[in-house]
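Chains as they are written, first to last, in full-length UniProt numbering: chain A, 1 to 410; chain B, 1 to 410; chain C, 1 to 410; chain D, 1 to 410.
Mixed in with the good hints, there may be bad ones.
Same chains, same label: a pair holds when it works inside one copy or across any pair of copies.
[To be verified] With a cut-off of at most 20 Å between alpha-carbon atoms, the simulated SDA-like pairs for lysine to any residue come out as follows:
hint: 1; residue 1: K176; residue 2: H166
hint: 2; residue 1: K38; residue 2: T163
hint: 3; residue 1: K176; residue 2: L84
hint: 4; residue 1: K176; residue 2: D165
hint: 5; residue 1: K178; residue 2: G131
hint: 6; residue 1: K178; residue 2: L84
hint: 7; residue 1: K176; residue 2: I28
hint: 8; residue 1: K38; residue 2: L161
Derived by calculation from the structure, the hints in this document are not laboratory data.
It should be emphasised that the depicted structure is a prediction, and the values quoted were computed from it without experimental measurement.
Protein chains: 4
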Amino acid sequence: MQNPIPDYLHEVLDALRDDTSGERASYIPELADADPDKFALAVTTAMGSTYTAGDAQDEFTIQSISKPFAYAAVIMDRGLSHVLEHIGVEPSGEAFNELSLEDGTNRPKNPMINAGAIAVHGLLVGEEATGAQRVDRVLELFSRLAGRQLSIDEEVFASELGTADHNLSMAHMLRKHKIIADDPHEVVSGYTRQCSILVTVADLSAMAATLANGGVQPCTGERIMDSAIAQQVMSVMAVAGMYDGAGDWLTRVGIPAKSGVAGGLVGVLPDQVGIGAFSPRLDSHGNSQRSRLAFERLSTDMGMHLFAPSPGRLDVIDVRRSGVRETFHLQGNVQFTAAAELLDLMAESDYGEEVHIDISRAFSFTDVARRMTLEGLRRLRDEGRRVFLHDPLQSLADPDLGDGTYPETP
Amino acid sequence: MQNPIPDYLHEVLDALRDDTSGERASYIPELADADPDKFALAVTTAMGSTYTAGDAQDEFTIQSISKPFAYAAVIMDRGLSHVLEHIGVEPSGEAFNELSLEDGTNRPKNPMINAGAIAVHGLLVGEEATGAQRVDRVLELFSRLAGRQLSIDEEVFASELGTADHNLSMAHMLRKHKIIADDPHEVVSGYTRQCSILVTVADLSAMAATLANGGVQPCTGERIMDSAIAQQVMSVMAVAGMYDGAGDWLTRVGIPAKSGVAGGLVGVLPDQVGIGAFSPRLDSHGNSQRSRLAFERLSTDMGMHLFAPSPGRLDVIDVRRSGVRETFHLQGNVQFTAAAELLDLMAESDYGEEVHIDISRAFSFTDVARRMTLEGLRRLRDEGRRVFLHDPLQSLADPDLGDGTYPETP
Amino acid sequence: MQNPIPDYLHEVLDALRDDTSGERASYIPELADADPDKFALAVTTAMGSTYTAGDAQDEFTIQSISKPFAYAAVIMDRGLSHVLEHIGVEPSGEAFNELSLEDGTNRPKNPMINAGAIAVHGLLVGEEATGAQRVDRVLELFSRLAGRQLSIDEEVFASELGTADHNLSMAHMLRKHKIIADDPHEVVSGYTRQCSILVTVADLSAMAATLANGGVQPCTGERIMDSAIAQQVMSVMAVAGMYDGAGDWLTRVGIPAKSGVAGGLVGVLPDQVGIGAFSPRLDSHGNSQRSRLAFERLSTDMGMHLFAPSPGRLDVIDVRRSGVRETFHLQGNVQFTAAAELLDLMAESDYGEEVHIDISRAFSFTDVARRMTLEGLRRLRDEGRRVFLHDPLQSLADPDLGDGTYPETP
Amino acid sequence: MQNPIPDYLHEVLDALRDDTSGERASYIPELADADPDKFALAVTTAMGSTYTAGDAQDEFTIQSISKPFAYAAVIMDRGLSHVLEHIGVEPSGEAFNELSLEDGTNRPKNPMINAGAIAVHGLLVGEEATGAQRVDRVLELFSRLAGRQLSIDEEVFASELGTADHNLSMAHMLRKHKIIADDPHEVVSGYTRQCSILVTVADLSAMAATLANGGVQPCTGERIMDSAIAQQVMSVMAVAGMYDGAGDWLTRVGIPAKSGVAGGLVGVLPDQVGIGAFSPRLDSHGNSQRSRLAFERLSTDMGMHLFAPSPGRLDVIDVRRSGVRETFHLQGNVQFTAAAELLDLMAESDYGEEVHIDISRAFSFTDVARRMTLEGLRRLRDEGRRVFLHDPLQSLADPDLGDGTYPETP
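Isolated chain A (complex conformation) (with noise of 0.2 Å):
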């Protein structure tokens, strides 16, 4: 059988494909020569598949998309703490190239926009790091993020760094308020190389893919980053990576996004997919048009929106009663809600002398599901009542009542 779903990713793009508005960005020649009609399309899920269609070969420079995922390498290196004290996280309500820095602080507002970016390449690697260790350690994060060894395009780094006075005017700036301590034009040199990376719309959607899987790259299984670094970049993709457009972009498309000035796209849906879309002309907002479309069709189709509603649930918990047994069946994922009915059940239970929870069928707990429910089962037996666990699959780790005493087994 052949897989529906690049077919799928196909009929989007010939949907969109004679949509030619927009032009390429035309400050550098390799942008301005970019072959127009190149149009990709990839989509990487939680659990490590990867789908593409159309023009997913092609390399194109990863350019202001490098921001997030740089983002992320600066919280691994100095601590967030650190990270906050430079760099904010509000949205700007403003275009990339805003100058102005947040008032009393003098913080770049957040790290999507180009002085924000150009602070966290200043402090990445460590205090007394020199230009090329900063570039080699974006340029080897990203690679792991991609799960293959990335380059960087020699020739739209020198042409961009010929046309660089609006990030080398910011950087000064930064370097005045002491937000970088080293010189600016190398700060602005290596941010030049982090956009001239070379990526395909597959390395994109991997990359997303591993902030959406919680910092574990899927494909490879290799844990790159705490998830709660995962969580602060895909919050603040959220909040600011479409720039002045952000209450629009989260309300009507809901994947948190961030796009490249060489058409590139990438977006995130937490413990979904991630998304990787390429198309060189550009609208009037600086982001690639197709590429655009190709979201907002998937976000529609696939109800693939942060908000979008899920579906009504069976009933997850099945009470059974049988002699001096009561039994509770759990199946799915169990989070806060799930165990919450539990306690509630647990909470009127007055059956037998025997407690038994059945989690054989549910394939996850969270954190706090997993001592809600144990909390309840040392209630439980407080009570007088003997508890049991079914747990053939182990899901709940070390499952102690919080006294050093553990459920039955069955």
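Fit chains B, C and D to the known structure of chain A by using the hints.
Just chains B, C and D now, kept in the frame of chain A:
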């Protein structure tokens, strides 16, 4: 057994009760004279269980917390596109009382700042609506959201109307720009009544849980709004609910929320819970000091964060081969990611004459997962294999393969 | 002989009459239906001569041109320091209808934007003033400034009041911040009447000439305000009169000015002239197109610019020595500069026993020049010389040398 | 006799010497270590007399006070229209280091903020100018304005260049927008040298007096710039010289001025004086505390205010009739106002056959007054009367009546 969830909520209150920093709102005597020591917390799950702690019987005026729910009402009444023409969805990066309207459109930036909320109230019901009808509309809707009949505090209303210059100023500006059509004093009077509706923390948690539950009030079971409207409201709360600290709140706490000047705070986590808190002393941003801390604690302790990592997944698809039959067993909530994995396995499948899908242990399917599963079956049948669906719970309504035919029943 | 000044003014009108660009104000029918071809110009000198050309008999509503004169009124009524506590003097860099108030003080930025002008009106007369008293006050003052009894166009007033949402919005905001105390609708009603006062171009030029003349109406000879108030009003017109193009106007035209939406334009050059112009079509900034061009022409043709170069000076001090007598002959207007030169000459003087100052040809002394001259005489006398003052026109009132003694009369 | 003006200036210094509030600039050691007690004042009249008091021999770096004079230089070098295309003239309402450029044009808002001053420096001399040529240009011009050869403090220059990140930031931004073409570091280096030129208070007062005197250095008699350029520079100082307090300064003090971070302050009153002051401690706005107070005192004590009232005028036109002769005697400075009065009298004149104008006691004519007088004579002659001009001092160069004929000489 005593339910440990209320115990946990009590622990939260006890841990924070000593924080007496902040001041009550002072602009009207009713708020200035509120008992500053009141403190209450409530959680309602998307399944309809409500847990409370503290002064949960105390009523207080809903104030700005009315904004997201009135926004839901106006979208129901006038349609989303009509509402978007009049009120934007961008973060304001500004305080609640910001006057400025969007350049070009003259729309208030979003429905969470006062200008937007007054516009929302003025658009309620329909073009020819009277002031009384608009007030009736919100009181009726809020009552259904809370699951009980609510009432208006007429003394607070009268006091606030006497200090309404700021809102009157905005209402005149809105009429000037034809955002509202009715008399500005009538609209502000109605909006002030809307803000004077009395609620408890459990009312707030139930109202928010209705959003979390995709528009269905989880206690009464009533579908109050389309899930698309709940999605819109939660999205806007995420970007603009906490005024000028939206980014800090979304990254650190991660619970889309809205506060009121009487000390209330409401929050929502999609598919999981609605949360209500109450404590009259306000911090320097005008948010209830202890309510805010309670939310931070819930986020940290309970992993209640929009971008919180889910637990690692176990195998949800189990493939068994026996004789001519290859069976795919699905388990849990089946969303895009799991359906994609199923299609991957189907695409590689070439074992025998029969393909069986057993979804007896899958307790829910998203719509896209349902369509993906049926499309996979269609393709396998087109390749000449016999396809069977084992769905004793009828999780897949109408499993039409797309051409009027159905899979066989085993 | 026919006076060439009106001829010159006619030439200006004729040269500009073909410019029919711009549009009449359209927000009320009375302005929308004004005869667009009307065009008039008037100049009143600080000595009281008035010259007119074109439709100088036509009355039109004064509109925003009322602002500087109402500002003069409120300073007379309440004192400058009280007024400065409520309304600032900084250029706004913004359009006439800017809402924002100064951070910290909540004052409107200046009395030339609507917010400031409404505050000015609301402060007129005194704390307990009624709306009618405030309107009477401006009508009475404007009439004395114009030198004739003015009246109010009640139809324009009624129409404008029907479209006053913007001003009502600001008035509510001003009351919120306690800048005004009275009912916002009462204040806006009064302010709208103030704007509906009917004037001709000659009324405007006479009103401005009163400022130019240091507060004395040059035709009637009445001192209407202290010169310090005229100084304050002209200063504020210079920095904030032309809204967001203040710098362009002051550098290029150099005549502190104020325009009105009915097509009027008033300007003032200290010590020289007041100018009034009228033509209903407005440019894109809301200023009368042809009136603006007429001012530019006057500035260029006539050297009417605040910083225009004065001609090279001839010798104004003539020293003659004869016998025991050294005589200093002064000529012209004696200001600081000339008095300084006199003191230089006195400091070097050692010719004879007698020092004579002859000011029979000096037609005016500034106060500082008077004090400098008398101080020089005192010092020379203290050195043992006899000092004489020849002042047949009594240009120096009370030439006390500072110690109760006087110079001798020759 | 000892000249009382220096005594007066000493009194001003003595009255203010006890004010030791404020702090020296601290960003470079040379300023941080300046003797904080230095205090000096100088006044140069438009006739070329200079009076000083205090530490008038002390040199300090000119810093931002260089801005208006460099602005004069660039207008001389490139023409006003070219300069206006690159740098605006609007008040900024912002601090000296504001980064933002005008929407649409990307021009710095005015030449008094750093961004504008750097643009001014970068445009000096001509398109192909080197950095050294630009520095030579300002040093040469400033020396001629001061009337003596100035020099550069190389230590201050070196220190400031080490803390130039803010200016480098702006210079890169200016090159991005093609406001400057040369290397940003070269331009900032040159601008920093411009700011490091050493001056005394008398240098400053002489430089400003050149502006007051319409472009002619009043001590050396050299015409340094067209009067139109001096007019432009003084106008811009009036609207933008004191940064964000422009309106307060212009209304209260009324002396267009510019301050420098080393403690200098320069001011100009057209036709009257240039003023220089120096005291290193700065107030919270970055202006020299005691220098500012000295200016306020001069304004109040001496009536030195742009809009200060002039003294009441005596009769400046005296009409005498005798035999066939009617004689108009003119006296003083004849500007538009007086010439207008003359034309009024001429228009009513019908006494005898001869009309005589006696201007032997009028010591100056503005160009427009000269043209008005001659036009009046022409019209009277055209009516058949004989016209005579008595002008022994040749105040009216070339009294051509407009048709090649001249008035008779009595």
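Pop the pair K38 and L161 into one bin, within, between, both or neither, using alpha-carbon distances up to 20 Å.
Neither, since 25 Å and 48 Å both go past 20 Å.
Status of D165 relative to K176 across identical chains (alpha carbons, at most 20 Å)
Both: 16 Å inside a chain and 5 Å across chains, each within 20 Å.
Identical-chain pair category, K178 with L84, by Cα at 20 Å:
within (14 Å within a copy, 35 Å between copies)
Checking an output row: K176 and L84, CA cutoff 20 Å. Within, between, both or neither?
within (18 Å within a copy, 30 Å between copies)
Please work out whether the CA atoms of K178 and G131 approach to 20 Å or closer within one copy, between two copies, in both situations, or in neither?
within (17 Å within a copy, 29 Å between copies)
Using 20 Å as the alpha-carbon threshold, which applies to K38 and T163: within, between, both, or neither?
neither (25 Å within a copy, 47 Å between copies)
What label fits K176 with H166 when the C-alpha limit is 20 Å: within, between, both, or neither?
So K176 and H166 pass the 20 Å test inside a copy (16 Å) and across (6 Å) alike.
Please work out whether the CA atoms of K176 and I28 approach to 20 Å or closer within one copy, between two copies, in both situations, or in neither?
between (29 Å within a copy, 14 Å between copies)
Going down the numbered hints, you'll see the structure goes against 2 and 8, while the others check out.
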